[in-house]
Amino acid sequence: MNNTSENLLEVQDLKVYFPIASGIGTQRGAIKAVDGVNFSMKKGETLGLVGESGCGKSTTGRAILQLLPVTSGKIFFQGENLNSLSLNQIRQRRANMQMIFQDPFSSLDPRYTISQVIAEPLKNFRFGSQKAMQNRISELLELVGMNPAYANRFPHEFSGGQRQRIGIARSLALNPSLVIADEPVSALDVSVQAQVLNLMEDLQKKLSLTFLFIAHNLSVVRHISSRVAVMYLGRIVEMTDSKSLYAMPLHPYTEALLSAIPIPDPVLELKRERIVLKGDLPSPANPPAGCHFHTRCPRAAAMGNPEICRTEAPQLLEKSSNHLAACHFADYAAKKEG
Amino acid sequence: MDIEKKSESMLEHEILSSPLEMEPDILAAEQNVSTPLRDSFRRFTQDKRALVSLTIVILMVLTSLILPPIYQRIGPVLSLRHGFLHAAPSQYHTPWFINNEYVDKGPSSLYWLGTNYLGQDLLSRVLAGIQVSMLVAVMVVGLLDVGLGVLFGVLAGYYGGIIDTVLARFTDLIFAFPGLLFAVLITGIFGQKAIQTAGNNGMLILVSFTLGLTVWPQMARYVRGQTLQLKEQQFIEAARTTGSTSLQIIIRHILPNIASLVVVAATLDISGAVINEGVLSLLGLGVQPPGSSLGLMINESISNIAQYPYETLLPAAVLAVLVLCFSFIGDGMRDAFDPRTKD
Amino acid sequence: MPHLLEVANLTTEFHTRAGIVKAVNGVNLFIDPGETLGIVGESGSGKSVTALSILRLLPTPPASITGNQILYQNQDILKLNEKQLRALRGGKISMIFQDPMTSLNPVYTVGFQIAESVRLHMNLGRKEAIDRAIDMLDKVGIPSAAKRINSYPHEFSGGMRQRVMIAIALSCNPELLIADEPTTALDVTIQAQILELMKGLTHEFHTAVMLITHDMGVVAGSTQRVVVMYAGSIVESATTTQLFAMPAHQYTKALLRSIPRLDDEDGKRLEPITGQPPDLLHLPKGCPFAARCPKAQQQCKESVPALTEVQPGQFAACFYPF
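Quick mapping for you: the protein sequence lines, in order, are chains A, B and C. Each residue of the first sequence is one higher than the one before, counting from 1 in my numbering. Each residue of the second sequence is one higher than the one before, counting from 339 in my numbering. Each residue of the third sequence is one higher than the one before, counting from 682 in my numbering.
Just so you know, the hints here were simulated from the structure itself, not pulled from any lab data. Misleading hints may appear alongside valid ones.
[Said to hold, decoys possible] In silico lysine-lysine, DSS-like type, Cα no more than 30 Å apart, as pairs:
| id | chain 1 | residue 1 | chain 2 | residue 2 |
| --- | --- | --- | --- | --- |
| 1 | A | 243 | C | 949 |
| 2 | C | 828 | A | 278 |
| 3 | C | 820 | A | 278 |
| 4 | C | 949 | C | 976 |
| 5 | C | 949 | A | 43 |
| 6 | A | 243 | A | 43 |
| 7 | C | 880 | A | 271 |
| 8 | C | 880 | A | 278 |
| 9 | A | 319 | A | 15 |
| 10 | B | 569 | A | 123 |
| 11 | C | 966 | C | 703 |
| 12 | C | 949 | A | 206 |
| 13 | A | 205 | C | 949 |
| 14 | C | 828 | C | 880 |
| 15 | C | 949 | A | 271 |
| 16 | A | 42 | C | 949 |
| 17 | A | 15 | B | 569 |
| 18 | A | 42 | A | 74 |
When you get a sec, could you build the whole thing from the sequences and use the hints?
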């Protein structure tokens, strides 16, 4: 039924709810940060997970790494359901799944030298002698384009881009097969972003890594990902290869998201028709019934707000080959194009 | 072992392809490697007030340790009419020797800082008092304040839950109940018993214990707050993803990062402990005569303050200097460790 | 036509223990009435400090602002006293900041905060000020403005708060609006809303805008002219169309090439700018970009190129433009 053997990672109906406590221990409700997410990743691919703040993309990444309690669902990693493992067993699996963090400043302990930072995972998994460890650290620093001579310096002596490289070196120390990158370039200056993105691409080729690339910036995601999943209010609304997603988005949210992104070209900007969404993101504690997007959906509005959008949550279904969308009227876009 | 095998294949990769976009040597020009600790130390050494205070404290402590054995060899053998016929300096230059013939005397070559209403040597008593103050400070702050405060603070901050709730209620209780009053109560009730079992040492332990009990919740609160903040830092999450256990995270990341806060808070708590010990002794609930403590000395002389103000002022001044110095050192350390004071 | 604002040779330095940080280094720029000027640059390029210096909002010390003049309608801002400055700020020139969470006072209702600014600068009575506040909230697209006027900032979302900030900024009919990264903290769909809103309103009120951003896409869509800053200096200044069609300065060229674009071809490799921006404590002798520039010659390392006209309306501080 599921081809878990072929997929490195398979996420099935993942739900992560955060309880809202109301004073005296009683629960008033829950923030449905991730609300039934399904996807799988093949070895060596990069899946981009995009969405705006509060859509649950980071929570999904952290749930996969078992960094926060999963409410329900299954996460198969290398064929093994992580949710059924004990804490200790999960710690053993951590060698194979690593994370690159967003903030290059808070992700490195200010009291650790670069070499100590990278040594931490090595020590946890008893890498070997002091000498072997030092060699490995030098090797990793070179791999991420840093001079190994800096190993004994402290993080505060480095720029954001360099710190991010150090974070990447740490995440690669144990030769993981899956790396979850949570907004790895959003805190960096534009001219430095490209350096880090290229580095990640090169490393992926070199070490045949599998990346789950979480970001809000669609231009960046499009660039680095082979497939992209778009999230809105805890659900994946569209998922396909990055080319199709940009060429022909099927979900109205994806359409709006794409059109909202400014392109550095004034002539093009003038010509583009921008879909400006009305209103704000609804609260994930109380998402709209039916399709979560129906309150802001321009397509539903254009069609006279059909009943089904308000009552029935659309399933994420294959609308054309390898192009999944969760919209009752996904064909509408295709027809308009055709 | 799997890891090492993989890394070998990575090495081959490395040899085949050159490193990516090597950073230019912008750091090579820098000479002095600055570390967070070294920066703090540099800032502390630039704080004159704190440095002077530290020097004074060190000098006072050294004097209280080194001077007595020397002082006890200096001076003539006295012939006395009452009690002892002959008294050597090793006898009358002690905190407890009563010399009825030299009562309430000012400083002289015989008694360098004079004598009190019993003819006890003030210099010896002050030095012994400094030792008591420091001993109490070390016991209160070093063991109870830092030990319990850090232990419960970190646990409450890191794990939250029941420990956190209990700590919060306990600190509320302590805050609602004046610490000194609590100490008075405990020493008043158990003081006699402590004296009977272990003499003045027993009393010191009791005083330290009760004072410590009143200060550690405050420390635990600081530590808890700082731990909560640290927990939000991504390097803690990074440590978890790299397979560190909670205990390893606490030892490797939390403790080193709260150390500066603890040192600062502890230094400031020392002055509190010194004062409170003084107050307890002043109320007659601390060290008992013929033992000595700065507070006890004030207590003994206060009834004659109109006639012999010097006998009160001397221990009071020493106490004040000690307290002020620790406050200044604490302030200096806070500034030194606070990254915002960087430039 | 005289310029609305003209900045001549503005230099802002910060005196720190480590030395003098040259945040802005001899900047010349102007804005005409009603136009939107973009100031782009990375962090540390001096774009925000330039804006804060114009309104003299930097604490002195540690900052020190020197310069020939900051002429605002023939009035030198550098020579104004505190009272005159206050009248200028929020009245004729107003400002929107990046963080909509902290730029509103949490203990007052948004209506009060708009009305306060209106009463201060426009000499309106209490009643008229409130009416004006409702009117402005309505204009920035806040639904049922008459009711929302009594809400506190925390009752608004990030995007809504930025709308409130815009309402406050435009409530006194300013001639110049300085917007410092107004959409950086917002999500893209909200950013699109806010940019549209600003475009519409400033056009309606004929307000000149100084739009400070790091996002080349935002500049392309919302400005008529652009000034590119690097390490405290203006490296290029041109109309928006010129700049994107034919960037002259090597930094601008490299920056545009390094940005991943939505309309990139598949599999295109990014061309990053190597290295890091220079340390503002130790600026290099020559062109600040020389160390990272692919075309740099000996001359670039020795002397600083002046901002010169490379084609009509386009200025670049580069010895080897295009």
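Let me make sure I understand: some of the numbered hints might not hold for this structure. Which ones are they, in numerical order?
none
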